[in-house]
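K.L.:
Chain by chain, the residues:
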Amino acid sequence: METDEVPEGKLPKGVTRREFASIAAAAAAGWLTTACGNRRLHEIPKDKLRSAVARMEAEYAAQYGRAVRVSDTGPMDDVVFAYALDISRCVGCRRCVHACVEENNQSRDPEVQWIRVLSMDKEKGVDFKDANPYYAPETVPEEGHFYVPTACQHCRNAPCTKVCPTGATWTEKDGIVVIDYDWCIGCRYCMAACPYGARHFNWGKPTLPAEQVNTNMHVLGNRPRQQGVVEKCTFCIQRVREGRYPACVEVCPVGARKFGNLLDPKSEIRYIIENKRVLLLKPELNTMPKFFYFYGT
Amino acid sequence: MNELRQFSRFVSGSVRLVTRGNGAYWLWLFVLTVLILSGAEAFARQVRSGLVVTAMRDQVSWGFYIGNFTFLVGVAAAAVVLVIPAYVYNWKPIREIVIFGELLAVSAIVMCLLFVLVDIGRPDRFWHLLPIVGHMNFPQSILAWDVLVLNLYFIVNFIVVTHILYRAFHGKHYSKKVVVPLVLLSIPMAVGIHTVTAFLYNGLAARPYWNSSILAPQFLASAFCSGPAILLAVVQLLRRFTKFEIQDEAIWKVAEMMAYATFINLFLHGAEAFKEYYSNTEHALYTRYWFQGIGEHRTLVPYAWTAVVLNVAAFILFITPKARKNVVLLNVGCLATYAGCYIDKGMGLIIPGLTPDALGEIYEYYPSIAELRVAAGVFALGFLVFTLMLKVAVPILLGEFHGTKPATTS
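These protein sequence lines are chains A and B, in that order.
At position 167 of the first sequence the residue is numbered 167 (my numbering), and the sequence of numbers has no breaks.
Positions in the second sequence are counted from 1; adding 1000 to them yields my numbering.
Some hints here could point you the wrong way.
[To be verified] Computed Cβ-Cβ distance ranges for the label pairs, DEER-style:
id	chain 1	residue 1	chain 2	residue 2	range
1	B	Thr-1162	A	Arg-108	48 to 56 Å
2	A	Lys-48	B	His-1297	47 to 55 Å
3	A	Ala-62	B	Val-1191	48 to 56 Å
4	A	Val-140	B	Val-1191	39 to 47 Å
5	A	Pro-265	B	Asn-1280	40 to 48 Å
6	A	Leu-49	B	Arg-1298	47 to 55 Å
7	A	Asp-47	B	Val-1031	52 to 60 Å
[Claimed, not checked] Which chain A residues face chain B? A few, computed with CB under 7 Å, are given here:
id	residue
8	Lys-162
9	Val-163
10	Tyr-189
11	Gly-204
Bear in mind the hints are in silico, worked out from the structure with no lab data behind them.
Backbone N, C-alpha and C define an ideal beta-carbon position, used for all residues, glycine too.
Work the whole structure out from these sequences, hints included.
P.N.:
Below, the structure is given as structure tokens:
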């Protein structure tokens, strides 16, 4: 037996039981916080975030055998993003759906889609009860139908961020509702709370072939997801924070999709809101979406 | 040191108690073990492959697990029905039952927490929910509230039960200074855990079926039906297989209380159904899915009507004094109540809440084999905990298992 070892059941002199208990508790808590790894991205300091992002880059590069860039660009001052969609123009071709999947590194099998295009009956108007997301005619648009593409509405009064028990999802300063995939516990309370079916869960292990990876990623956006976490549209945060349009806006063949800065009085989005007939989905829920539908013609 | 020796005798004695029993006891334990192992295997597979092994999908993102969770919160809360008269008014006949109610509450909470654990996509990250080490979105998230109150309720009941039993083991009466304040605390807490669990759903404007202020009262009413139903079955078994004496009077009284609870439950359901059908707005869709189905989507309809029939039958049996005093009819009533509330509060609450989904799509959910196996495993584990606790508690309360000579109590 070594001499400096404290005999069983006895504490070193000068340490009361209470002190010992509190030191032990503090040590255990400290150990837990470090051993359990990263904190939430929401509260991580800037310099730590940079090193966390570098670790992600190395991890994804090894995983997919390609150089990967994970951006941690933050929100810009005086910018709040908003979206507008011209219902009278949309032809229901679903190119946005597929461009989104390619841009945002969603699982390919099973395929996770952030945009859901609903085919609606012209006689019934915007009516979810009779909407059909599985329409598959030879050609679109179909006679007597119009289309309402849906995705995350980036609500100002977001029910999803409110209910998250761990604070794994929140609204950024530029109005984008984001998810920390490393902090989400997969309880799916946010999915129950979302009135727009915008949130999607990785029920199985997401698959993403290396050759299809979009290597331009954002830490709060299109970096690869894990099994058992929730994901959704981020307005293509990796693009819009660098001054580009979201992929769906770029790909739309009829120009039905508009995007811009709500705080800029000269922006296209402001023009639409001020001059067109605009409608919100489920306005009675007071979610205050930053996703506006309008009739351009 | 004497304390320590006493404690080790308590532990070794308890181990001896739970490892002795007749054939039926071992068969029961064997069945539970098989179910637990089967559940564990299914859960391991679920952790590996993901929740894709369940029937839940984006449209119906909660299912059987969360349904069971909700039902069991009710069972846990109902222990309080019996706590009130026993401790506050010192009504003797019922006091013997109370301790079992609290043991039941403890086991039910264990099952509740396990059902949440098996439902989350990343059980390895459960600690993200904890304050200090993780981040609890409190007071914003009702789920954070729920985790908090469930754990507190568990601790309070655990302390009360352990204290009473440990004191009895030493041949002493429990300390009123410890028990009474905790019991008084546990009464609002029992109401609290159930109210918070109801608010979990109630607060979601996205789901009109849940977004109705009648939900919390209705949760409480149905809890006061299902909890005592299980308890009555347990005390009858105890009466038959142990020397425990439980007066008929106590059982009848509980049955009578259940009649009132069942009535209130049915009344609140009726009020909700009236509102939906008479006003006949778009929001009636979910109630219609439950009771009538929508188009060819009618999976849940037989369950809905079974629940109605069972609850009405239970009410008639319990409100009739002759019927509730008849052992057979009493047990039929308990079974009907249990099954009725289980359907109502489990699948009947969760699935129509999410069907049709937020964008109007109908995905007909029905639990997969994997889900049923995991759920059976959780129930078996809860029953195992309950059985082992009873195995120790009953001899202590009978004075057969004690550390010192029991003090003669008047």
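K.L.:
Does each hint fit the structure? Answer for all of them.
P.N.:
Against the structure, the hints:
1. Restraint check, B:Thr-1162 to A:Arg-108: a C-beta distance of roughly 53 Å satisfies the suggested window 48 to 56 Å.
2. Between A:Lys-48 and B:His-1297, the C-beta spacing of about 50 Å keeps the proposed range 47 to 55 Å intact.
3. Between A:Ala-62 and B:Val-1191 the beta carbon distance is about 54 Å. The supplied range of 48 to 56 Å therefore holds.
4. Between A:Val-140 and B:Val-1191 the Cβ separation comes to about 55 Å, which falls outside the hinted range of 39 to 47 Å.
5. The hinted window of 40 to 48 Å between A:Pro-265 and B:Asn-1280 holds, with their beta carbons roughly 45 Å apart.
6. Between A:Leu-49 and B:Arg-1298 the CB atoms are about 52 Å apart, so this pair conforms to the stated range of 47 to 55 Å.
7. Range check, A:Asp-47 to B:Val-1031: Cβ separation about 57 Å, and the 52 to 60 Å hint holds.
8. Restraint check, A:Lys-162 versus chain B: the minimum CB separation of about 5 Å is within 7 Å; hint holds.
9. A cut of 7 Å between beta carbons decides the hint on A:Val-163: the least distance to chain B is about 5 Å, and the hint holds.
10. For A:Tyr-189, the interface hint holds, since its Cβ comes within 7 Å of a Cβ in chain B; the closest pair sits about 5 Å apart.
11. Interface restraint check for A:Gly-204: the shortest CB-CB distance to chain B comes to about 4 Å, inside 7 Å, so the restraint holds.
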